[in-house]
Amino acid sequence: MSPERSGTPADGRERARHLMMAALDGEISRQEQEELEGLLSGDADLSEEWERLRRIKEATGMIGLAKPPEEVWGRYWESVYNKVERGIAWILGSVGAILLLSWGAWKGVMALAADPDIPSVVKFGLLSLVIGAVVLFVSVAREKLFTRARDPYREVER
Amino acid sequence: MDAILATDANPHDEILLVSRAREGDRSAFASLVDRYMRRAYFAALGLVGSPDDAMDLSQEAFARAFRARRSLDPERPFYAWLYTILRRLCFNFIRDTHSRRRKLEGASPWMVAQARARAAESQPERSARAAEIRERVGTAIEELPDREREMLVLKEFEGLKYREIAELVGVPIGTVMSRLYSARRRLARSLEDLA
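Residue numbers (this note's numbering), protein chains in the order written: chain F, 1 to 158; chain G, 1001 to 1195.
Hints listed in this document are in silico derivations from the structure and should not be mistaken for laboratory results.
Glycine is no exception: its CB is placed at the ideal position from the N, C-alpha and C atoms.
Quick partial rundown of chain F residues pointing at chain G, CB under 8 Å, derived from the structure: (1) Leu53; (2) Ile63; (3) Tyr76.
Work out the full structure, taking the sequences as your base and the hints as a guide.
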């Protein structure tokens, strides 16, 4: 862990933290080890912290991730492939549903608009509802497809 | 953990597989899945802490990678590209479902004792104490902020070097070390009587 590699700021405390991490993880050079020992010997708080961190490293080193039964790996690719297929099915199904619903809605609206018994205020309300729904749909689709994909802060935790 | 993550990956072979997968060759993509499925599963398990969800999320990451295969760059390591998809899925999953909160109620089935610790646990009195420590460490890890937990998992369970973690996550090495420090400090606070 050389200073260039770590990009460690000149701040001594930060340097000590990085040296302690490097020592715990076996990524420390002999020179850095000596530097750390020098820092530890002159700072009781730091030595205490070093001991705590060392014990934590020991505790985390005692555990590992549980392995699943070996059979799951035999079915893994099949499950991935099913997900790919279902993804395509969902897309096709959604496009079909949107087209059919839009066509049905258009026909319904046109039938209502042509009906002389329906009062104008209802026709106006219906027109507003349709335009509102279309604007909302286009706005959400644009947000999902373009804006979010190009958002440089999408990875930032909220 | 090395046995779990062993892939026998040959870089030239991988470039060829990625090029073929990019053209839509399913068998080539299946070979990539076979090569990295364990690693992806354990990375997801370390992040979400639930075996079923980790399996589902890792498979979903491969499925999304297949759909987006045209954006694959044969010159870049496949796993690094897959990992960006996987970690985003895992972070979204954690944020959306608050699954970690649910899991705090029970034990930590995603954690097991390492071989060294298992040997020490052969005596009954030590075994009970070790199981208690394991459970408490597992719970404390689940409570870490996502980014710190990710660093700890990649370091402790995947055994990656700082440089490898930095490349995989796309942050400077200094950030890797700072996040690791924060994670361990939080663990030390949560497990004060142990540390």
